[in-house]
Amino acid sequence: MKRGDQLILGGTFCVALLCAALWLWNRNAAPALVAEISSDGVVIETVDLATLKEPVTFRIESHDGQDVNVIRMEPGRAAIVEANCPDELCVRSGWLTRAGQSAVCLPHRLALYLKGESDLDGLSH
Amino acid sequence: MKNKKLLTGALIGLLLLAGLVMWYRRPVTVETRQLYGMGTVIHLTVYGGTQEDLDGAAQLIGRIESDFSTVIEGSLVYRLNAAAGSGSWTALTPQEEKVLTEALLWAKWTDGAFDPALGPVVQLWGIGTDRPRVPSEKELSAAVGLSGWRRLQMEPGKARLSRVGEALELGGIVKGYAADELRRFFEEKGISGGVIDLGGNVLTFGKKPDGSAWRIGVQDPGLGRGKPLGVLTLNRNVSVVTSGVYERFFTENGVTYHHIFDPATGYPVATDLSSVTVLSDRSIDGDALSTALFVLGQERAMKLVESLPGVDALFVRGKQVALSSGLAGLFKLTGDYTIETR
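These protein sequence lines are chains A and B, in that order. Under the numbering used here, think of the first position of the first sequence as 1, with each following residue one higher. Under the numbering used here, think of the first position of the second sequence as 126, with each following residue one higher.
Among the hints, erroneous ones may be present.
[Unchecked claim] Stretch-level coverage of chain B by chain A, calculated; a stretch enters the list once three of its residues show a Cβ under 8 Å from a Cβ in chain A:
| no. | region |
| --- | --- |
| 1 | 129-140 |
| 2 | 361-374 |
| 3 | 440-454 |
[Claimed, not checked] Facing chain A, according to a computed beta carbon distance under 8 Å, are these residues of chain B, among others:
| no. | residue |
| --- | --- |
| 4 | ALA143 |
| 5 | VAL269 |
| 6 | VAL320 |
| 7 | VAL356 |
No wet-lab data here; the hints were simulated from the structure. All of these numbers come straight from a predicted model, not from anything done at the bench. Ideal Cβ positions, reconstructed from N, Cα and C, are used throughout, including at glycine.
If we strip away everything but chain A, and leave its shape as in the complex, we get (with noise of 0.2 Å):
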């Protein structure tokens, strides 16, 4: 074989091998933790928790400022830390740590759901 056709050839090895292990490496990177508030079914605040640095406070109110819920995020956790709902069975929900957990206040609307890479594809209850 001519050395241009070696180097040719093994180039282009190099390249499959580079690409491939980029997209090996690119399936198994875990996406971060990421924290989701929800009104009325659409996404209005979207934190990654795992690169947060600093707490972070959200006051959410509906429209005519009746109802109100407050969420904290911090780094690695997010809360419903205070609403003015009946049952506030929101706040009780507590600190959120993993993917897939929720805090959910029905009477206002308003969700506050954990997402990443869970192990599980759904949770009965």
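Chain B: place on chain A using the hints.
Same frame as chain A, now just chain B:
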């Protein structure tokens, strides 16, 4: 010379093979939608589907809700209940007839433990509304007197309730029906797999992109939402429906009242069960059964489950978990409970 040609060929072949493998194992799109419907939070996940498919699913959910809701004016249930005692029949669409027929079948099979005509009792307690209250004995006995699945009269294409005050309440079966319909909808769209979660009623269909088994958690009754007490690993598509006391309840004068009523007394059924999880092929069956098994209590419920082919159940009582025989090897405990040996 021949060896070099062979080497070149082999390397190119390898490259092509790598390309082919990467093409076939390419990530399948995952689309999700979270919405409110049927009085609860709904999560839909589809593999190889689009947001338009999910729009269609949301519309389907809306149609089912407006047809079977007790409170939406113009719904079948609303009209049937309003006409109770008037003598007039209400016409049924084929789907409506199907849901009512299935509901009555389960009422018969469980001897009334699942009862689609507990409207008077449910309305009296108001659980799930913003004004739940403990009714008086007199009110309750009147409500129980007006309740019961035998009061629903059905003839081909029509139904009616014969006395004023009688009322259907299909909340215990509609989510199951909706899940099965959603599954059919997605399959007709050619979606390769997904998870339908209607307020905790889980139904899987098709396959996961990597073809692995479905992992479905079972909520720990004692911990916050999203924390399982164990995981079911399932190689077939199945509906997983849980009935429990820990989500819909209210407290008055220090006493907690849950929402699964004993049809005989009108009171929340006295039980030591915290939850019952039913596995079945169709979600409509799992939905009706999960309520019925809860009312029956573990002993009678387990006997019923063991006699039904294709149905399995998991019971949580205190810190004990009991499994029907079909679940052996499929459930892995992760919380601090013990599995009852039988």
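The hints, checked one at a time:
Counting residues of the region 129-140 of chain B whose CB lies closer than 8 Å to any CB of chain A gives 5, so the stated coverage by that chain holds, three being the minimum. Counting residues of the region 361-374 of chain B whose beta carbon lies closer than 8 Å to any beta carbon of chain A gives 5, which reaches the threshold of three, so the coverage claim holds. Residue count for the region 440-454 of chain B with a Cβ under 8 Å from a Cβ of chain A: 0. That is fewer than the three needed, and the coverage hint is violated. Using the Cβ-Cβ criterion of 8 Å, the hint placing ALA143(B) at the interface with chain A is satisfied: the shortest such distance is roughly 6 Å.
Among the interface hints, the one on VAL269(B) is violated; its C-beta lies about 27 Å from the nearest C-beta in chain A, farther than the 8 Å criterion. Interface hint at VAL320(B): satisfied, since its Cβ lies 5 Å from the closest Cβ of chain A, which is below the 8 Å cut-off. Satisfaction of the interface hint for VAL356(B) is found here, the shortest Cβ-Cβ separation to chain A being roughly 7 Å, below the 8 Å cut-off.
Comparing the model with each numbered hint stated earlier shows that hints 3 and 5 do not hold.
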